[in-house]
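S.K.: Generate the whole structure from the sequences, applying the supplied hints.
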Amino acid sequence: DTAVSQTPKYLVTQMGNDKSIKCEQNLGHDTMYWYKQDSKKFLKIMFSYNNKELIINETVPNRFSPKSPDKAHLNLHINSLELGDSAVYFCASSPRTTHNEQFFGPGTRLTVL
Amino acid sequence: AQSVTQLGSHVSVSEGALVLLRCNYSSSVPPYLFWYVQYPNQGLQLLLKYTSAATLVKGINGFEAEFKKSETSFHLTKPSAHMSDAAEYFCAVGGTYKYIFGTGTRLKVLA
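Chains A and B supply the protein sequences, listed in that same order. Take any residue in the first sequence, count from 1 to its spot, add 18: that is its number in our numbering. Take any residue in the second sequence, count from 1 to its spot, add 175: that is its number in our numbering.
A few of these clues could be false.
Taking lysine to aspartate or glutamate and the EDC-like style, the derived pairs with C-alpha atoms no more than 20 Å apart in a straight line are [to be verified]:
{"no.": "1", "chain 1": "B", "residue 1": "LYS224", "chain 2": "B", "residue 2": "GLU239"}
{"no.": "2", "chain 1": "A", "residue 1": "LYS59", "chain 2": "B", "residue 2": "ASP260"}
{"no.": "3", "chain 1": "B", "residue 1": "LYS273", "chain 2": "A", "residue 2": "ASP56"}
{"no.": "4", "chain 1": "A", "residue 1": "LYS54", "chain 2": "A", "residue 2": "ASP103"}
{"no.": "5", "chain 1": "A", "residue 1": "LYS54", "chain 2": "A", "residue 2": "GLU42"}
{"no.": "6", "chain 1": "B", "residue 1": "LYS273", "chain 2": "A", "residue 2": "GLU76"}
{"no.": "7", "chain 1": "A", "residue 1": "LYS58", "chain 2": "B", "residue 2": "GLU263"}
{"no.": "8", "chain 1": "B", "residue 1": "LYS233", "chain 2": "B", "residue 2": "GLU263"}
{"no.": "9", "chain 1": "A", "residue 1": "LYS59", "chain 2": "B", "residue 2": "GLU263"}
{"no.": "10", "chain 1": "B", "residue 1": "LYS273", "chain 2": "A", "residue 2": "ASP48"}
{"no.": "11", "chain 1": "A", "residue 1": "LYS62", "chain 2": "B", "residue 2": "GLU263"}
{"no.": "12", "chain 1": "A", "residue 1": "LYS54", "chain 2": "B", "residue 2": "GLU263"}
{"no.": "13", "chain 1": "B", "residue 1": "LYS273", "chain 2": "A", "residue 2": "GLU71"}
FYI, nobody ran anything at the bench for these hints, they're computed from the structure. Bear in mind that the values here come from a model prediction, so they are computed numbers and not experimental data.
M.R.: Structural data, given as structure tokens:
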């Protein structure tokens, strides 16, 4: 059974389009995250959600809008895509406390043309 | 504020040689530290974690790391490198609903 899943795995689109990435975890975790990994492999947190509530928004442009319909899902919608949005986006989850490991999804490679 | 610094963005070792990947942290509170591995085109996978129970932490695939408070370090080691260890390695510190990752070290294993 996949613990953290993301769809799609690859996403190629034109500048200005709107796209969504879906994430689901079946681990029963309270907290979910979105990370962006750039071409140099630098991993930067974008959002943290706890029990469907936004906890952290790391100065992400408001073109990015996360939505958590329930504790097991955290989707990422991106409006008006720009070239600089090209990256790999990872979803992750963890139990609430900070000393627990995060479980990562396989990533979604977004390419904006 | 918490932070981690990984020294060396690329490390090459011969197969069978010692692997040493360096991580230094900064934290005003007792840190929770992690090492993750990322294989090509995959997500991150936990290698090991330090949560103050023991300073020498053993992880999967023969890796271990030692927490040294005096040096603010959490270096990752493996006695004998295998070709399958070639990957990107990330050190991270856990914060409140936020994990800070280092910039990563790419490990290359030479035959």
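S.K.: State for each hint whether it applies.
M.R.: Comparing the hints with the structure gives:
Between B/LYS224 and B/GLU239, the direct Cα distance comes to roughly 9 Å. Compliance with the 20 Å bound is thereby established for this hinted pair. The hinted pair formed by A/LYS59 and B/ASP260 meets the criterion: a straight-line CA distance of about 17 Å does not exceed 20 Å. Taken as a hint, the B/LYS273 and A/ASP56 pair is honoured in the structure, with Cα atoms around 18 Å apart against an allowance of 20 Å. A threshold of 20 Å between alpha carbons decides the hint, and for A/LYS54 with A/ASP103 the separation of about 9 Å falls inside it, so the pair holds.
Pair hint A/LYS54 plus A/GLU42 holds up; C-alpha atoms about 17 Å apart against a cutoff of 20 Å. Taken as a hint, the B/LYS273 and A/GLU76 pair is honoured in the structure, with Cα atoms around 10 Å apart against an allowance of 20 Å. In summary, the hint linking A/LYS58 to B/GLU263 is supported, as the alpha carbons are separated by about 11 Å, within the 20 Å threshold. Distance restraint check for B/LYS233 and B/GLU263: the Cα-Cα separation of roughly 19 Å lies within the 20 Å cut-off, and the hinted pair is therefore satisfied.
For the hint linking A/LYS59 to B/GLU263, the alpha-carbon distance of about 8 Å falls within 20 Å, and the restraint holds. About 13 Å separates the Cα atoms of B/LYS273 and A/ASP48, which keeps this hinted pair within 20 Å; it holds. Taken as a hint, the A/LYS62 and B/GLU263 pair is honoured in the structure, with Cα atoms around 15 Å apart against an allowance of 20 Å. Taken as a hint, the A/LYS54 and B/GLU263 pair is honoured in the structure, with Cα atoms around 16 Å apart against an allowance of 20 Å.
For the hint linking B/LYS273 to A/GLU71, the alpha-carbon distance of about 14 Å falls within 20 Å, and the restraint holds.
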